[in-house]
Amino acid sequence: MKISLLPQSLFVALVAGASCQSGGHADRCFHDFQDAASSEVAAFCQTFTTSAVTATAGLPTFAAHCHGKGKGKVSSACTRFMKTQTLSSAIASSTTPTPASSSSAPASSSSPPSVSPTCVPTFVLDGASETAFNPANTAFSLRLECGTLDTSNYTVFFSNENTADPWGTVVQATSATKESIALPGFNSGSVTITVAALDTTGIPIMQSFVLLLGSIQMPVQILDETGAPVVGLEVKVDATTHPGISQNQTTDSQGIVTFVNLPPTTIGVFAQTSDNKIGVGGFAASTARRTVQLLPFLPANNTTDLRADNGLTGWTGGTTQDVPVAKRDLALVVSTNGNTGLQKAQSSPKVYPFTKSVFIKYKFQTDEVPGGYFGTQYNDYYVVSIRSNTGASKAISQSMNALGLGSFDSIGATNWFTLTLDTDDQTEWVNFDVGVSNVADNRYQSQVIVSKVGDLTCEECGSCETCPGDPMCQPTCQEPPQRSCAFYTDCAEARLRCGNSGYPVAYGRKNCLAFQSDLSKFTAAGQDFIWGTMYCLQTALRDAINCDSTCSQAGDAAFDSHPGCYINNGFCDLPPQDWWQLVKTVGTDLLSAKALKQVVQTGAACGGHIIGKIDDAITEYLEQAANDVLGSAVHLARAAAMRVLKQYFQDLIDQVNPTPGL
1 MKISLLPQSL
11 FVALVAGASC
21 QSGGHADRCF
31 HDFQDAASSE
41 VAAFCQTFTT
51 SAVTATAGLP
61 TFAAHCHGKG
71 KGKVSSACTR
81 FMKTQTLSSA
91 IASSTTPTPA
101 SSSSAPASSS
111 SPPSVSPTCV
121 PTFVLDGASE
131 TAFNPANTAF
141 SLRLECGTLD
151 TSNYTVFFSN
161 ENTADPWGTV
171 VQATSATKES
181 IALPGFNSGS
191 VTITVAALDT
201 TGIPIMQSFV
211 LLLGSIQMPV
221 QILDETGAPV
231 VGLEVKVDAT
241 THPGISQNQT
251 TDSQGIVTFV
261 NLPPTTIGVF
271 AQTSDNKIGV
281 GGFAASTARR
291 TVQLLPFLPA
301 NNTTDLRADN
311 GLTGWTGGTT
321 QDVPVAKRDL
331 ALVVSTNGNT
341 GLQKAQSSPK
351 VYPFTKSVFI
361 KYKFQTDEVP
371 GGYFGTQYND
381 YYVVSIRSNT
391 GASKAISQSM
401 NALGLGSFDS
411 IGATNWFTLT
421 LDTDDQTEWV
431 NFDVGVSNVA
441 DNRYQSQVIV
451 SKVGDLTCEE
461 CGSCETCPGD
471 PMCQPTCQEP
481 PQRSCAFYTD
491 CAEARLRCGN
501 SGYPVAYGRK
511 NCLAFQSDLS
521 KFTAAGQDFI
531 WGTMYCLQTA
541 LRDAINCDST
551 CSQAGDAAFD
561 SHPGCYINNG
571 FCDLPPQDWW
581 QLVKTVGTDL
591 LSAKALKQVV
601 QTGAACGGHI
611 IGKIDDAITE
621 YLEQAANDVL
631 GSAVHLARAA
641 AMRVLKQYFQ
651 DLIDQVNPTP
661 GL
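Residue numbers for the sequence shown follow our numbering, beginning at 1 and rising by one.
Keep in mind the hints are simulated off the structure, nothing from the lab.
Each statement offered as a hint is correct.
Quick list of in silico lysine-lysine cross-link-like pairs, PhoX-like style, CA-CA up to 20 Å:
| hint | residue 1 | residue 2 |
| --- | --- | --- |
| 1 | 350 | 277 |
| 2 | 394 | 236 |
| 3 | 394 | 277 |
| 4 | 394 | 344 |
| 5 | 394 | 350 |
| 6 | 394 | 356 |
| 7 | 236 | 277 |
| 8 | 277 | 344 |
Turn these sequences into a full structure, and let the hints steer you where they fit.
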């Protein structure tokens, strides 16, 4: 592969821009050399190297901070400066100034304030989607929806599950116009694309896109309860460890549908008919045909009484037993029991006319966790659903990896969860469905443990004594487990029902999962910050949810908690690498910027400290570039990204709004 070196303007601009503006950071004698005209410095250094005594006897005015430093300091500054000039010439001779390729950086050394835009400069995907299974090894682009891209000022990185470098890898084979950046295709798997750029007015743009890429075509056949193919049924698949990514297809005359562009990961399958039959499956993606058989909607029976024996008698499937993980309580256990397909249990109790809701209380336990297989393809999963004769239904499907390691104890058991379905006076009976499945092999077993199914006659919201079925009454909602993102869906969204665009799902869970996925890219201090902040944000949202809470009110309260959670968990003292990772993860949109603006403006010390440390990082990367010509493109790309990050924070500090309405 041909590696495109960076244009001369990148190196020169970065060298000029690395000058620290406050004392106590880097070598200020060398900064004097950086800030002066290159021809003047070169002439001085040539004189210095041929006649040191004469040169030191009368240092030029640009070298004010070199006075009294001695010949050794001046000699070192000259040597470093001449190295940068040599590298600059080498870069210039290896590139062409026509349509931009690779990376670049600001041309100004002073980081002037950005111009407040009338719209938000934002990249969008063209030819790929964060909510779809994308084809592997297929080119796509990032299109700038607002503003004009400065084609000499952008850098693109990519990383995947195998990338050890926290920065990722610089994408060399790019090309840019004023409207877009064209990217090459990438191999199968989850890929994070990060772009740092400036528009022509100096507005910083930092965005990350997480794409799931694949090339597997997996046929799935849907059969009814008699084994006959189901024709014309819409079937949905999703990536169990990548929430929000799905694909819908319709079965053909043989009940078969083929899903495309699947990566080698766990794929969940779901289908539901108009008469309330459901089909659920979970498979490791492959070209082999998979089969999903629909669960019928059972007629009402009198065997299961919601108000006797915890509703655990009269189930089809599963076993009733004393289970150690259930603290010796009598429970219904649905286990994989050495099988590879979905193991299930059902009941269909009648419902009283005065019932307001029905619920099922359960936990998930898997031997994969103590066996050391968390985070692998052996991603066992479960499904729990409630369906009523009126057609209403609610279901939840989770996998081991999606729950997060923090959700499990030492024996691989979660805490108790509660799934609730509201009922009305037309509801005569319901079906409870529980399923669990091994994935990829049947060596380690998993099980769903049901402690109680019942009904509630209280209103939708009440105290946990009178309405124990309220989702917020779950132990994991009362005290969110650390290092887990399940609170946002199992608690906040279950209670508020804001939908996919509300705070719990669209912001809380999305960012929590993004941080969880990128955790290895943070330093040890950064990881402590992430987990501490995530816990702080979840408890703040918990405290904001009550009987009268609306989605808007809870979301506002959650956002209001961000600055305090950030500051109290050490945001201002993080290394620059962690600031970069954080900003690229949450993005630079209005909501994220508001929180960070409050953080950096809490005190001048925080904002100034951030700028100073970023300046030091820029200088360090430039020095690495000067001493490593072959690897200069990587070092300069990182310096370029840091310049964009600096501009972003500087705009927040100076109250120059990079986002309208901020």
